[in-house]
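In the numbering used here, each residue's number is its place in the sequence shown (first place is 1) plus 438.
Calculated from the structure, these hints are not laboratory results.
Keep in mind that a hint or two might mislead.
Unchecked claim - Using 27 angstroms as the maximum straight-line C-alpha spacing, the simulated BS3-like pairs for lysine-lysine come out as follows:
(1) 489 - 584
(2) 558 - 721
(3) 558 - 489
(4) 685 - 489
(5) 489 - 519
(6) 608 - 749
(7) 558 - 735
(8) 584 - 558
Being a predicted model, the structure only gives us computed values, none of them experimental.
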Amino acid sequence: MEHPENNAEYKGLVVNAGIEQPASVNPYLKNRPRRKKRELSVADYVDGIVKGNTTVLGQAVTLVESLKPGHQAVAQEVIEKCLPYAGNSVRVGISGVPGAGKSTSIDVFGLHVLEQYGGKLAVLAIDPSSERSKGSILGDKTRMEKLSVHPRSFIRPSPSAGSLGGVARKTRETIILCEAAGFDKIFVETVGVGQSETAVHSMVDFFLLIQLAGTGDELQGIKRGIMEMADGIVINKADGDNLERAKLAATQFRNALHLFPAPESGWTPQVLTYSGFYNLGVKEIWDMIYQYIDFVKANGYFGYRRNEQNKYWMYETINEQLRGSFYHNPKIEAMLPDCERQVLQGNLTSFAAAKSLLDAYFKD
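Kindly generate the complete structure, drawing on both the sequences and the hints.
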């Protein structure tokens, strides 16, 4: 392009055209035929997973998380074929308020359990998604520095994408795939916002609640719903000046637990203190978890709990399939915008609009 500064009216001013720059992309690449990525068959997925191939396992998890109907059909077939190889792991749910040190603790817990007990560990982290952009940071791996590079670990963060029920179901299916791949220890880290805890509790054998001391009123952290689900409570950051406050918080939690009904398992939840940063008290936490597993296996509650979880997920799957069938029904898709508009304008109550939509769906 000619520079306007070279016009005759601008005396004494000359702008050189410059050197022509080469193309930023190699022109020879355009002529090279692109190699199409080979799509794996169901047998390829199952074979790779059973052999412990983490690359194939990661691809299978992506398939499970996909919303495409074609991907979902293949994923369900893979899961069904992996079921005979699943069920041989200890599943631990880890929850706690944001900032309690869940990811750091998982890094420490994971290294301890791999070094002391051997085997393989899978960490499934549910990461909160933005309500506005629907995006997730998926940064849990960055806080699990040692575990993320361990040869016998597999870390998979998943976005909650606004639907805790949906992501929880996919997490449960991912557990099956990980167990089939030979992972005998599985951690499920929750979002830590309250609603996800119930879903995670329904897919794990031991539910661990991480709390903090020295952040104000410790009793404020005692929420009955989550406390009743916990099989063990641990107070993090029990070190230095915070040690006495952590011990006091542990005493308060123990007293609070006495006010709740006895758990179905017959186990009395324990309250321990530890420091994830200084790796103090980690052995005691794992001793507690394995004591619990031995206890519930001996009294038959372990098998009963897993059967109840299977029943729970059957109903959850029915609910999700019905919801999907309703919203993807062509007649409903056509009616929804008009019903929504009438509700917003005040011409129709939300209950009447819902009834008309449901009536139209069931008449189909």
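Evaluated hints:
1. 489 - 584: It holds: about 24 angstroms lies between the C-alpha atoms, which stays within 27 angstroms.
2. 558 - 721: OK: residue 558 and residue 721 at ~18 angstroms, within 27 angstroms.
3. 558 - 489: holds (13 angstroms)
4. 685 - 489: violated (46 angstroms)
5. 489 - 519: OK: residue 489 and residue 519 at ~14 angstroms, within 27 angstroms.
6. 608 - 749: Distance of about 16 angstroms is within 27 angstroms: holds.
7. 558 - 735: holds (21 angstroms)
8. 584 - 558: Answer holds: residue 584 to residue 558 is near 15 angstroms, not above 27 angstroms.
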